[in-house]
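Participant: Given these sequences and hints, build the entire structure.
There are 2 protein chains.
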Amino acid sequence: MLGARGGLRALRCCSSSTSSSSSSSSSLPRELRVPAVRLRVREALRAREAAGEVKVQGWVRSVRSQKEILFLHINDGSSLESLQVVADPSLQNRDLTFGSAVEVQGKLVKSPHKMQNVELQAGAIRVVGPCDTLSFPLKFKERHPLEYVRQFPHLRCRSNVLGALLRIRSEATAAIHSFFQDNGFVHIHTPIITSNDCEGAGELFQIEVASSQVSRSSGEKRHHPKFQVLLTKQRAFTRVFTFGPTFRAENSQSRRHLAEFYMVEAELSFTESLQDIMQVMEDLFKTATSSVFSKCPHDVELFHKYVAPAQKGRLEQVLKNKFVIISYNEAVEILKQAPQTFTFKPEVAAVDLLVPGIGELCGGSLREERLPFLESRLQRLGLGDTYQWYLDLRKFGSVPHGGFGMGFERYLQYILGVDNIKDVIPFPRFPHSCLL
Amino acid sequence: MLGARGGLRALRCCSSSTSSSSSSSSSLPRELRVPAVRLRVREALRAREAAGEVKVQGWVRSVRSQKEILFLHINDGSSLESLQVVADPSLQNRDLTFGSAVEVQGKLVKSPHKMQNVELQAGAIRVVGPCDTLSFPLKFKERHPLEYVRQFPHLRCRSNVLGALLRIRSEATAAIHSFFQDNGFVHIHTPIITSNDCEGAGELFQIEVASSQVSRSSGEKRHHPKFQVLLTKQRAFTRVFTFGPTFRAENSQSRRHLAEFYMVEAELSFTESLQDIMQVMEDLFKTATSSVFSKCPHDVELFHKYVAPAQKGRLEQVLKNKFVIISYNEAVEILKQAPQTFTFKPEVAAVDLLVPGIGELCGGSLREERLPFLESRLQRLGLGDTYQWYLDLRKFGSVPHGGFGMGFERYLQYILGVDNIKDVIPFPRFPHSCLL
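As you go down the protein sequences, you meet chains E and W in turn.
Position one of the first sequence corresponds to residue 1 (our numbering), numbered consecutively onward.
Position one of the second sequence corresponds to residue 1001 (our numbering), numbered consecutively onward.
Since the hints were made in silico from the structure, they are not lab data.
Please note that a few of the clues may not be correct.
[Said to hold, decoys possible] No farther apart than 30 Å at their CA atoms in a straight line, the calculated lysine-lysine pairs in the BS3-like style are these: (1) W/K1395 to E/K139; (2) E/K141 to W/K1395; (3) W/K1286 to E/K295; (4) E/K55 to W/K1286; (5) W/K1295 to E/K286; (6) W/K1322 to E/K55; (7) W/K1055 to E/K395.
Facilitator: Right under this line is the structure:
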C-alpha cells in the first residue's frame, strides 16, 4: 500500500532552549518531554483559565515577527477562529511560514486583546511539515474568490470559506439525521447499483466491472434506484428516510446541477393528504436550519457577511413564518400573468417547495397505491413482469402513501446564499469534470 | 410519473355501526369523524393511561376470532412488539386477514394480560389495503429461515427479524454519526465517481452514461475514491470521517463479501503512534454498540435469543475489557504454531481489528507523509503526474497521519451474530444478483 508507513519520525524542530533552531533533530528538546494536554484550537479558545502545559497542533495562518515578540495564528479546522500564539522571536525559523504544519507547546494565558479570551504562550514550536509558499495556491491574507479556489479541490478546504462550508455541511447532515430519528423515521441505506430504470427517463449511468479479468465484465444494464426501494421499506415501517449520493447523467453546466449530488428522501405510509407531506418538509427545513445556525454561528456568519449579505434577514423571515401554500390553479394563474414568456408551458407539480434564488428545493407527491389502476397501466406499457415486485407492494396490504425529496446541495446553497452548487460540495462532479 | 396520484380515496371500510361491513364505502362511519389522536404502535404501547380516542394504523400480524371477542395484533414497524386490539366479532370481515393494512380507531385501556400494559378497544376497523394471503410469501405464525426471506427483498422487512435488523441498522448509523460528531470529527461526503484508481488493484466498476443520446457516452475510466479524498480533508480539519457506500467488483460469493457495502472511514492528522488509531477504533466500537443495545433492547434480544444464542455473553465480555493488542511478530508466531496449513504465508497488517466469526472488522495504518519518499516512489511507478495532487498534500504543510476503515455490515454481523452478510443489508448486491 502506497500510503502506509511505520518506524520513528524525525521531526523538524526548533525550540528556545536549543540553538539548532532550523535543523532536523531526532532528540526532542526538554520542553517536549513534559507531559502536555493535547487541545484542539476550538477547545483552547474556549478555555477560560490557565490549563497548565498544553500542546496545540495545526497549520499556520499568519506569522508576524516583531522585535520583542513573535505572533502566530494557528488553525486546525476545528473552528473558523485561529488561536493566537505569542513567542520569543528566537523561536522564529525559516520553515515557520504561512501554510506550514506546526506543533506548539506552552501555556494558555489570558489575552490582553479584547477579541480573544486566551492566547498561547509558546515554550516550543516544532515545524512538523513545511509549506512551499511560492507554489501554494492559497496566499496569506488574500480573500480568494470561490471560482479561484474551485480549481484546487484538494486544497481549497484550507481556505476560510470552504472550511466553514464543510463544517456547516457536516452539522447539517447531523441535524437532518436527528430530525428524522426524533420523528420516528427509520433510516434506510438504499442501494446505488440496481437493475431497475427507476425514473423511466434513461438519463442514468451504466456501470460495468473494470477488472483485468475480462470474463467478469458484463454489459448488463445497471441503474440507480432509491425511490422505489424506499417504498418497499415504507410498507413495513410507515416512516422511512434515506440520505445519500444520487447520480444524474444530464449534460448540464448550470449553477444548480451536478452529476453526483446528495438527496434527502422521505416516504410516509397512511398519508391522509398532501398536508402530511408538506408538514414534514417544512418541519425538516426549519429544524435543520435552526440547528445549523445555532451550532455553527461563526461559520454561518461568514457567509451572511461576505458571500450573501442579504440572506440572513430573508432566512429569519422564512423561519418565523408558516410556508406559503398556493394551489396548482393559483400558481398557473400567477405564471400566466407574469410578464416573462416561458419556454415551457407553465406546469407546477403536486408539491414543490420553491425558494428564491434556487427554485425547486423539495418535490413530493402522493403516490398511486391502487393495485388495479397500476396493473392495467403497467400492462399497457408492457412492464407488468419487470414491475411485479412493485405490484406486490400493493397486493399485500397496500396503503395510501407519499413522500418527497430535498436536494441537499440546493438546501446548503439556499441557507448560505451560495450562488454556484459546485461550492457547497467537497468534490463537484459535472460533465467533463472529475478532478481527483 | 407512474407513482403519483391525486383525488379522494375510496377506502374499504367496516364498522360496528354499519351493516355494509365488507363492501367499499366512500362515506365514513360516524366513529371515524370523531377527531382522534394518531398514535404509532410504539407510542400506544408506552401509553400508561387511557389516552382518549386514538387511531392506530399498521399491518395485521394475527387475527383470532372468538365467539365473544375478536383479537388482532397490529404492527407498524415502529417496534418489534405489536399492539393488541380487542373488538366486537361483528367487526370481523373477510379482508381482515394476516398481512392486510388497517386503521383502527378506539380507546386505549389497561390490559388484563401481564405481557402488555395497554390494549386498544376498537370502535371501528377499516381495511385500508387487503392482502392476498395465498400468494403472500410470509405466512402467519411461521418463523421463516433467513435464507427463505432473502428471496423477497421487497417484502422481507415485514418479517420480525428483518424489521428488527433494519431498526438496529438505523440506530447504529445514528450512533456512529454521533460518536464522531461528539469527538470533533468533521463528516465528509466523499464522491463515488472518480477518475482515480485508488486501491491500485483495478478491481473496480467502470461507469458510463446510459443515455439515449449516444454522443454523451464515454469510455473514460471512472473509479471510486474515498480514501484519498478523505486525506485531502484531513489536511484542513485534523479529524474527518465518512460513512457511505463502497463498491468492490470482486467475484466473491462468500458470506462476508458484497459488491456494494457500507464503510465507516476515519482519518486523523498529527497522529503520534498507532495507539491513536487503535484508541478511536476501540472507542467507536464500544460506544456505538452500547448505544444500539440500550436503544433497541428488544430488537437486539431477538437476535441474541433466536439467531445467535451465545453472542450476547461474548459481546458483554468484549465491551467490558480492553481490546487485546498483539504485535505483528507475536501474531506471526501464533499463526506459525497453529495446526492449520495456510494457503497464503501468514501476514498481519499494521492495525487490524479481528473479531471471532468475522475476521477483519477494521483495518488501519499510519500513512506515509514524507514528500521525498513518496515522490521518488511515484516517479519509479510512472505516476508522478497523476498523483501530483497527492504530493501537493505533502508539499504544503504535511503532517503525520493515519486512519482506519470499518465495514458496517461486518460490524452488524458481529454484534448480532448474523452468519451471512446478505441478511444485514436491505438490498444485497453480489455477483450475478441484483434483485430490484
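Participant: Hint by hint, say whether it matches the structure.
Facilitator: Hint check:
no.	hint	in the structure
1	W/K1395 to E/K139	holds, 15 Å
2	E/K141 to W/K1395	holds, 20 Å
3	W/K1286 to E/K295	holds, 26 Å
4	E/K55 to W/K1286	holds, 28 Å
5	W/K1295 to E/K286	holds, 26 Å
6	W/K1322 to E/K55	holds, 27 Å
7	W/K1055 to E/K395	holds, 24 Å
Violated hints are absent here; each numbered hint is respected by the structure.
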